[in-house]
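Enquirer: These protein sequences, in sequence, are chains E and P.
Take 1 as the starting number for the first sequence in this note's numbering and just add one per residue.
Take 681 as the starting number for the second sequence in this note's numbering and just add one per residue.
A few of these clues could be false.
Result set (PhoX-like, lysine-lysine): computed pairs, CA atoms no more than 25 Å apart in a straight line [said to hold, decoys possible]: (1) E/Lys213 <-> P/Lys989; (2) E/Lys173 <-> P/Lys1147; (3) E/Lys237 <-> P/Lys853; (4) P/Lys988 <-> P/Lys1147; (5) P/Lys916 <-> E/Lys173; (6) E/Lys236 <-> P/Lys989; (7) P/Lys1292 <-> E/Lys213; (8) P/Lys1147 <-> P/Lys879; (9) P/Lys771 <-> E/Lys375.
Just so you know, these hints were derived from the structure itself, not from any lab.
2 protein chains.
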Amino acid sequence: MCSKHGIYLCEECLSCRDPDIYCKFRSACPIWYEHKRKARHARQAAALEKVDTYKVTFEPTIKTVEVAPGSTLLAAAQEAGVHINASCNGKGACGKCKLILESGTVEPDPTPLLTDQEKENKYLLACRTKVQDDITVSIPPEAVERKLKVAGLGEELSVQFKGLVSQIEPILKEIPLELTPPTLDDSVSDLDRLNRGLKRAGCDVTRLNVGLKVMQELSNAMRNEKWKVKVSVIRKKCSNEVLKVEPGNDESRSLGLAIDVGTTSIVVYLVDMADGSILAATSGHNQQAACGDDVINRIICAEKNGVKKLSSMVLSTINNLIKEALDSAESDYRQIKNVALSGNTTMTHLLLKIEPRYIRREPYIPTASEFPIFKAVEIGIKANPIAAVFIMPGPASYVGGDIVSGMVYSGLHRENPLTLFIDVGTNGEIVLGNKDWLMTAACSAGPAFEGGGIRWGMRAEEGAIEKISIDPDTLKPSYQTVGGAVPRGICGSGMIDLISEMLLKGLIDPNGKFRLDTSHPLMKDTGDEVAYILVTAENTEMGEDIIFTETDINSLVMSKGAVYAGFTVLLKQAGLDFSMVDRIWISGGFGQFLDIDKSVTIGLLPDIDRGKFKYLGNSSIGGAYMALLSDNFRQEAREISNNMTYIDFSSSSQFMDEYTSALFLPHTNIDAFPSVKIKQ
Amino acid sequence: MCSKHGIYLCEECLSCRDPDIYCKFRSACPIWYEHKRKARHARQAAALEKVDTYKVTFEPTIKTVEVAPGSTLLAAAQEAGVHINASCNGKGACGKCKLILESGTVEPDPTPLLTDQEKENKYLLACRTKVQDDITVSIPPEAVERKLKVAGLGEELSVQFKGLVSQIEPILKEIPLELTPPTLDDSVSDLDRLNRGLKRAGCDVTRLNVGLKVMQELSNAMRNEKWKVKVSVIRKKCSNEVLKVEPGNDESRSLGLAIDVGTTSIVVYLVDMADGSILAATSGHNQQAACGDDVINRIICAEKNGVKKLSSMVLSTINNLIKEALDSAESDYRQIKNVALSGNTTMTHLLLKIEPRYIRREPYIPTASEFPIFKAVEIGIKANPIAAVFIMPGPASYVGGDIVSGMVYSGLHRENPLTLFIDVGTNGEIVLGNKDWLMTAACSAGPAFEGGGIRWGMRAEEGAIEKISIDPDTLKPSYQTVGGAVPRGICGSGMIDLISEMLLKGLIDPNGKFRLDTSHPLMKDTGDEVAYILVTAENTEMGEDIIFTETDINSLVMSKGAVYAGFTVLLKQAGLDFSMVDRIWISGGFGQFLDIDKSVTIGLLPDIDRGKFKYLGNSSIGGAYMALLSDNFRQEAREISNNMTYIDFSSSSQFMDEYTSALFLPHTNIDAFPSVKIKQ
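One chain only, chain E, in its complex shape (with noise of 0.2 Å):
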């Protein structure tokens, strides 16, 4: 009921005031019947009408769409299967999503998300402009997708690798036999033949399925090459099953595939299932980064234009990452017989079709932690139909496979010392154990890190500022960039260099605030606020300055007190505290190329020994990469996320205490960083 109105409100509107999600009280919502009666109109009056399409042209890519009238070109750009990058999913709030207008008009946008310079230059947001004629806009420099830097890609690879499985136990085994002929004193059916040939190569034939397209087959594959047979089995929880029965038992090569399903990016590895060498290696945007940047906006995208778009769209990136590792290897899809992949919960959810949207809301629950043994055919990765796909298990909502994927690849398991797993992005997860127990929880750290709500922030692609020393004397900023670019933006670790310079230098104070004004030659006002000049226009692509604002540091401030909260209350949880813990270990893509010391200036990691800290790299593939060569390590996982307790964050009092503590720099209490109090 809606107390303003006096009406009944369906709890969906209620709340979201989406008329588009499905609700079992929407019949008696007035609300959901305007909105279905505003759209029957305007379908009827489309329909009257036959209205044109317009054409909209991308460029460098040259690609065109027909849209109707009145699509945002965000839309028109999905369509075209354009990367954009729309970090805030199309609300108009991030101000990432620049276009340029080379022909054609579009209506003026009011958006105080472009400067003036960028207006004059044509520059347009793609999610707040609407086509209403011909029109052919360019991709700005700045916001050209470029290869992401991403960690442990490379030659050492299969060194880095070598030795992490012992003994190579793929899910899908092709097991070569060779049968006895029948004859009329041996007369059983071909599948107790099979069966018969099962049983003396050590198959578990008790627990045996066989599915109805074998049969249809089986007869004509074990006459055709006399008897020899090659059987594909797969290793299911409680049975196996066979899925596949070809003539002849020559040895064939057989491949697998080793995915990490980042919300950010996906990483491919190409293994030879033999020796476990990886033949390739590719990694790749998620295509889904359309939709926005964190998990929260793909779930709100689902429920708005259905998993199922979602879902081809995370699969065309891994499919056009298998193309590309195959191609580089020289080998057939056909080839490819098993599979695993991590990813948090959401992107599994998401993948598999899974109606996700019950992760967001109170009390959030996923449908699955663990899943059973999927064919590829049935997921849609481009393997051979019947490769057998393993999924990391993930133990909750928001601690999901690729967590459990970190431990199986860390080992922190399996050994003695107290360690504190953590892997830091948009959401930060933390793991607190050892072998004989393990914490975790979540904390969303939001999207500062990864670029997200910066001015000038953005991912650690080309020409992102990763490192950055501030002189002491001249207060002048120096650094570098990933790939030795010209300047673009500023990724996490470079706002990390940045702020803990600005705090030693005495550029701002424990609170985040400049303490210069404009005067200062390296000071601007952008109108609503001052800012720190980190690169002059002449040195940048765009032509214009790359600067740090207040509200920059603010965020990035945030981010780092929600991430340090996190770590305070799971060991407190445990009745533990800092000085206990023996190791830290920091995984992801980001993690890899975080400063510790500067880390810990502001505040994002405690103040212990630098020597506890250890990078782990992509964590997330390197398990998945273990349990897709091991049996025992697919088993490791399953425990792993069936025996972590999972610490919910979200409407805890201890958190909120601990968060408005951190938002400081480095924190409100100093003395827990003994060695930043030395150097201010």
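For this one, chain E is given, so just place chain P on it according to the hints.
Expert: For chain P alone, coordinates are given in the frame of chain E:
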């Protein structure tokens, strides 16, 4: 090697001269080559000419098809879905596929299988008539398909079957659950919550599989009726599978089907799974009859036309019968959640589209003797798509699930007395044993008992003569027909009566030769041979004499000889003779109508105490009914199939000796038939 032409011929050509049959020696066979050469030329000529098609209309149902010139009328009828009795599968040997030409012209056919009078009345054989014009044909009254006489259908069914199953345990169980809603403190995944509920309800969740489709819809299904759900779980051999989760946990009606898939006729019982009561029973002709009467012709047909065609024929019959049963019980197909089906090995293979060709080739190997639980949608049975389908296992190519089903129904394997179980039709299947051991064998009785190869032979349909006695003085026959209708032909039980009467009344000698000649008013010269007039033309539906020839007698003697030889050899293999047999149980629709005394007289059944004989009726449907309702009986069926010792007669010289001895009326060893000896 052909002794006449001195050339090498393949086995198939030597025996059947059908070059379309696959044979491994065919590449050396000149007949096969010549046939292939002609066929290729014909195809080339047809492709050059691009000929038009002709219309063929079938009356009285008025079905019209267009066919290419030169197609046979039999092919046109199959195309149109018109049932035509084609016992010999279009070889032009049986003369059963009669049609009457109503309009259009056809080339005259010199077949000896039509009488001059028939030819005058524009009768033709569908398999020997090629379409060269637009024509209309009608099905003659004697060939119109009528209701088969099926044993054991009717109102007494529910009573007869009551008490057979004490505890109902369906394959697919619907488990109603009321789950506790999740909270922040109890935030396990939906799937884990479901498993918890199932575990409380007594389900073994460690062996539970949940497929992707169920997962995709799980979250909404659980929430739509406030955490009340109904879970459909299938019990498989080594694991259980969740097939559906529906919102709401109200009880709904659950129906089951017991199906007997016979080569000739199919019986369907619609069963209330709550109490096992039979709501409806229907039966009809297997549409595969268009491809021949026996399993061998069906397999040949599957090799020619593809197993899919044969499968769709039997499915069409089954689904029509299901619809009929549902209509009479005013129920919906979606309520059908369980199916148990029995049939011989060829029938189950064809139904499941499993390659059947090796069943008829030495050493006679079926693809499978035991099947996993299938879903109705996989097979194409019109029930709820997720309905669980149990297929009766069968130990050998010629002793199938119908016999195992009969065992389950008879219960002889649970008891002490030594029992001979016999099922006589086109194939005679025999089981000998008790609770300690079971032996089984099959002998090819030929189609005579089903009316095949007999001039006026027919199945036990309306108008078939089923009982005959002959006046000892006038030698005039008096008879009774199925349904009391005007006579159309004679069925198996009628033939046994007839030969027994002719033997006892001195019309024929123990060699099966007539002692009367054509001077007798009841005898007639057919041109080739003498025949006994059973019904004169004015008393038949067709206006023609129904006669019985020496060839007919010979066919029947061969059939009964094969069956009796089977009994003898099986007993000898077990080191026994007839005197040690405690019971003879007769199964099958045909057995139901056997007169035991007369069967002994002709030497089909052994001459032992008549009190030892018992009719079981259609035991195959009985066992299917029991397996539908009880897991114990399903398990029993698997054990019977696994533990039966199968004896192969096909290359047994002992069998050939016994067979030759049995080609007498009643037997060369008259001392084995003391009661017949007395009467003669």
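Enquirer: Each hint should be assessed against the structure and marked as holding or not.
Expert: Hint check results:
Under the criterion of a C-alpha separation no larger than 25 Å, the hint pairing E/Lys213 with P/Lys989 is consistent with the structure, at around 17 Å. Proximity of E/Lys173 to P/Lys1147 is assessed by CA-CA distance (about 63 Å); at most 25 Å being required, the pair is judged violated. Distance check on the hinted pair: E/Lys237 and P/Lys853 sit about 22 Å apart at the alpha-carbon level, within 25 Å; holds. For the hint pairing P/Lys988 with P/Lys1147, the CA-to-CA distance comes to about 40 Å; that exceeds 25 Å, so the pair is violated.
Taken as a hint, the P/Lys916 and E/Lys173 pair is honoured in the structure, with Cα atoms around 23 Å apart against an allowance of 25 Å. Annotation: proposed proximity of E/Lys236 to P/Lys989 is violated, straight-line Cα distance about 35 Å (limit 25 Å). Pair hint P/Lys1292 plus E/Lys213 does not hold up; C-alpha atoms about 46 Å apart against a cutoff of 25 Å. Using a Cα cut-off of 25 Å, the hinted pair P/Lys1147 and P/Lys879 is violated, with the two alpha carbons roughly 60 Å apart.
Only pairs whose Cα atoms come within 25 Å are accepted, and P/Lys771 paired with E/Lys375 is rejected, the gap being roughly 47 Å.
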